[in-house]
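J.: Residue-level listing of the chains:
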Amino acid sequence: MSTTAEKPAAPDSEPGAAGRTTAGKSQPSAGRRTGKAGKVRRLTRRDKFILAIMVGVPTLIQLLLVWLPTLFSIALSFTRWNGLDLKDIKAAGTDNYRFVVQDYPPFWPAIQHNILWLVFLAVIATPLGLLLAVLLDQKIRGSKIYQSIFFTPVMLSLALIGIIWQLFYNRDSGLLNYLLGTAGTPQAVDWFGDSNVNIWAALVAATWRHAGYVMILYLAGLKGVDPSLREAASIDGANAAQTFFRIVFPAMRPVNIVIVVITIIESLRAFDIVYVINRGTNGLELISALVIQNLIGEGQVIGVGSSLAVILLVISLIPIVFYLIRTFGKESKA
Amino acid sequence: MSTLANPIPRTTAAAGSTRNSGKRHYGTHIFLTVMAIMWLIPLGWSLFTALRPKADTDKYGYFSLGGTFNFDNFIQAWTQGGFSKYLLNSVIITVPSVLLTLFFASMMAFAVSRVSWKFNITLLIMFTAGNLLPPQVLAAPLFEMFKHVTLPYSFSDSGNLLNTYISVIAVDTAFQIGFCTFVLSNYMKALSSDLTEAALVDGAGIWRQYWNIILPLCRPALAALGTLQVIFIYNDFFWPLLFIQSGSRLPITTAINNLQGEFLSNYNLLAAGATITVIPTLIIYLVLQRQFVAGLTLGSSKG
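Protein sequence lines correspond, in order, to chains L and A. Using numbering that gives the first Met the number 0, read the first sequence as starting at 0 and increasing by one per residue. Using numbering that gives the first Met the number 0, read the second sequence as starting at 0 and increasing by one per residue.
Only chain L is shown next, with the shape it has when bound in the complex (with noise of 0.2 Å):
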């Protein structure tokens, strides 16, 4: 698989660079150039009609499963509708925001849990999998087995990890209460049930994955930091901290990027672990949580499902914004 697969990855920077130099001065090459001549000629009506069937199903069903349904929302978290019939939605202007704001209890709570996985998932568990990055990119024994260990959760849906982690946090029959020497006492708890310590619970369950995930992406990071730096650094007489943290971590930007956004989207998709646990209730109250309530079960409330999903999606274009500028800012330029 090498064989073929490093032939495009090495001109990465300069996309088709051997190929420019031969076929670029005879012809402007095929896809990259905005040659206009050359286009018209080559592509065919067919080629054409081809090509907007290739662009065209995909785009499609883009806009019409997401961005439709977007939409959509933002619309519907200005009415007043219980789901059933179409002619049954009435405009309610700000109503639904005034209400989530003010008068819904779970609300503040949901925002500041979903404030609290993030900086949970940004101080704890991004660091730890770096960490364990850095100490198994070091050339030591069994680091595959190791790594290998730490990725299996990462493997797993966080639903299923809300359920794997039941069966260790349950009070009567969870482990982690037999370990603390309180299980059968009245001083055992119900980790995922008490609303005082559930978030915390839950969250460490959430790092159990994170931390994998982070790991991963470090480790091929690391292997693509160029060694000569780092025996540069060692020339110039630099200990390991240093040479980790003002030249190995500043030339993994790439990766640092990815893994910032990964992690605030991570904290504001969080939604399988709550909702398994107790459908984001009684302790648990995430964004995401509250959407689904309030459209699923009885007295649906669209108008209000909506306006949360709304705070929910502007939240989530800033770093979705962030990651655009910087993925695709310097290929319009370019």
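Here are the computed lysine-lysine pairs in the BS3-like style, where the Cα-Cα straight-line distance is at most 25 Å:
1. K89/L - K146/A
2. K53/A - K84/A
3. K146/A - K86/L
4. K117/A - K47/L
The set of hints was computed from the structure by calculation and includes no laboratory data. All of these numbers come straight from a predicted model, not from anything done at the bench.
Please build the complex by placing chain A on the supplied structure of chain L, with the hints as guidance.
T.: For chain A alone, kept in the frame of chain L given last:
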């Protein structure tokens, strides 16, 4: 992007030996071993509980080694718990979703990366952003849209798109196309333009350039993305939760949530169900670990 094919290249071993020569990592090993044991405890506990009959744990307690160990809980979950059916549902949803995602994404990626057109970047941004949205943002409109699509009862017993595999397949596909398009377009951009140039001289049309030249060269990326998508879609909890009400059509990842209610007091059976759900991902992990890791790092390497 250079990490794409070889996420963990062996070549760095040479460089590594110079920086850590002669050092012994006792502290590191102790730390890593402790962490690894902590990492394995939740899974190990599930397996341990799953292997013990409920009667034995009732008699000796959950924290004991007494009694027998067997696969009775697994058999019960598989037959009475309906796990065979749920696993089949997962396959019915995952396989078409992954194939459609890769097919559409590769076409789109080909068009935006190999043919210059002024909307290329715009489209790519739209696709990439779509994949990053929290799914809950789209939940209400998608649910209502599917509810208001009227279908003949011969085709869907709900009379609309709800409660069908198609609804989940369609949304999973739409949601994952964005990420795959982004990754594949980066991959295809890096392929030399000579390749299609030569084909053009031979008079090959767009479709042949895509199907016979570019796509075979993308095999490593497609393998990595395919593995990743199988895991992603198999692990998807939310869309089936939203669209499928009938328990008998749920995929395994969503169904296990229902079991939690049904077998509230039988943790042994729940643990067996959880373990069964882990097995397919674990098999994929063991067989296709390189592909999976490559898939994960593909998206991140081009920041």
